[in-house]
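Could you slot chain E onto chain Z? The hints should help.
Protein chains in written order, with our numbering: chain Z, 1 to 277; chain E, 1001 to 1193.
Errors might be hidden in some of the hints.
Label pairs and their in silico Cβ distance ranges [to be verified]:
1) Z:183 <-> E:1095: 53 to 61 Å
2) Z:253 <-> E:1087: 46 to 54 Å
3) E:1029 <-> Z:19: 16 to 24 Å
4) Z:104 <-> E:1140: 42 to 50 Å
5) E:1110 <-> Z:164: 40 to 48 Å
6) Z:186 <-> E:1171: 40 to 48 Å
7) E:1167 <-> Z:186: 37 to 45 Å
8) E:1083 <-> Z:15: 19 to 27 Å
Bear in mind the hints are in silico, worked out from the structure with no lab data behind them. Every residue, glycine too, gets a C-beta built ideally from N, C-alpha and C.
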Amino acid sequence: MSRNRQLSAGKGVYATLAVGVLLSVFPLYWTVVAASRNNTDIHRVPPVLPPGGNLLHNIGEAFRQTDMGLALLNSVIVSSTVTACVVLTSSLAGFAFAKLPFRGRNPLPASVVATMMVPTQPGIIPLYIMMANGFHWADHLQALIVPAVANAFGLFFMRQCLVTAVPDELLDAARMDGCTTRVLYRHVALPAARPAMTVLGMLTFMATWNDFYWPKVVMTQQNPTIQLTLSELASGYIKDYSLVLTGALVAGLPVIAVFLLMGRQIIDGIMQGAVKG
Amino acid sequence: MLLPNVTSVAAVTLIFVQLFGRDFGLVNWVLGLFGADRIDWQAGTLSSWAAISAIVTWRWTGYNALIHLAAMQSVPFELYEAAAIDGASRWRQFRSITVPMLRPTVLFTVIVSTIGALQLFGEPLLFGQQQDPTTGGSQHQFQTLALYSYNQFWGRFKYGYGAAVSWAMFLLIVVVAAANLLAARRLKGVDAS
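Next comes chain Z alone, as it looks inside the complex:
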């Protein structure tokens, strides 16, 4: 709202904001500093603040000491597969719930959304028993992918978007012209839903990449995701913090890159109330 500019901010406001920004950026900056130096430098008092030239060496060392290559590969595979699946299933189900007339069209999505109220934790143990003893998938990537291919949030998100994005008249007109439901989905709903699908995809990718709890339960250090390798890197008795923080940097980079490229859309998504914590 440009009219709000009439309220000009005073010096105190700027100072407070500057401190806030400093506080929220500094730990990330410190990660870069620590990752580009060595353990002795980090422990120097007073601390040294400019970045050093040790970054490549540290990355090499982190890859040598842990399975970081495998972990990154696993994380990429899992995150991109889950993202593709979630976007597909959510847009299909969202389309059906938003636009197709069938019995149970209202109670079904409501019951799916109701599952969002239950936190993940109570489901974890039964899910683990299912994965480990039922399917024998413990420590396999399927255990991370299959339970995540569809979720209530994605369905709800796509349904809300499609209800307004595609006018019923358009669908009726297309049906008059002889389109099947599949064609309606592909050529009418999908193009209209593309922006929402992009946002959903990014959110899913970041959430899957950053997920810690479920991988921690079902995977081991033999077949880790990047977040698990990170915790492994930090679990030694004597820690080399420059390595730990190098790991944090490597694990954070892909998500930060996605965020810097598409941050605007993510912020818009949050501000429209699409994203829940």
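Showing chain E alone in chain Z's frame:
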């Protein structure tokens, strides 16, 4: 502002473990500048709570600020204009227009944050420096319910007990969220809307 939120729990916690280090952490160094003694953040009950709260707060402040920003942008500008004409100061405008208009948003963030905080897992797990990180500190001083449940079923293979702990946690969440809602209603009176 949103960067902390998109960085993973694991990475953020490890960064803060370093910052909260007893001997070489920056936090203790800054406190030392003001003449305070070094704090062993993991050892004390209060200090470990404060440190973990700081981590969570740092991660979520930007996100919640965005939600509040969105809500503030939808407050009609005319209200401020009218208030200014009536001679209300900035502070008065904030107290009497912004805060009441934002109440649903504040309530939303309070409840969502409470629910999220009751489920903390990664932060206390990685914050611990013990051999077995699931104990949440040497005296269990920062063991959360989620951590306890994990410790029981994964460390000791008590699946049923662990699941029961998770369900107890869920009930607690429901109770706390309901209490939040009631308290918010009671304190401010029910909105006309």
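Q.
Is 40 to 48 Å respected by the C-beta to C-beta distance linking residue 1110 of chain E and residue 164 of chain Z?
A. 29 Å, violated
Q: Look at the Cβ atoms of residue 104 of chain Z and residue 1140 of chain E and judge whether their distance stays inside 42 to 50 Å.
A: 47 Å, holds
Q: For residue 1029 of chain E and residue 19 of chain Z, compare the CB-CB distance with the range 16 to 24 Å and indicate the outcome.
A: 18 Å, holds
Q) Does the hinted range 46 to 54 Å hold for residue 253 of chain Z and residue 1087 of chain E at CB? A) The hint (46 to 54 Å, Cβ to Cβ) holds, given that residue 253 of chain Z and residue 1087 of chain E are roughly 53 Å apart.
Q) How does the Cβ-Cβ distance of residue 1083 of chain E and residue 15 of chain Z compare with 19 to 27 Å: does it lie in that range? A) 26 Å Cβ-Cβ, so the 19 to 27 Å window holds.
Q. If you check the beta carbons of residue 186 of chain Z and residue 1171 of chain E, does the distance land in 40 to 48 Å?
A. 45 Å, holds
(Q) Given a hint of 53 to 61 Å, does the C-beta separation of residue 183 of chain Z and residue 1095 of chain E actually sit inside it? (A) 57 Å, holds
Q: Just tell me: holds or violated, for the beta carbon distance of residue 1167 of chain E and residue 186 of chain Z against 37 to 45 Å?
A: About 43 Å separates the Cβ atoms of residue 1167 of chain E and residue 186 of chain Z, which means 37 to 45 Å holds.
In this structure, the one hint that does not hold is number 5.
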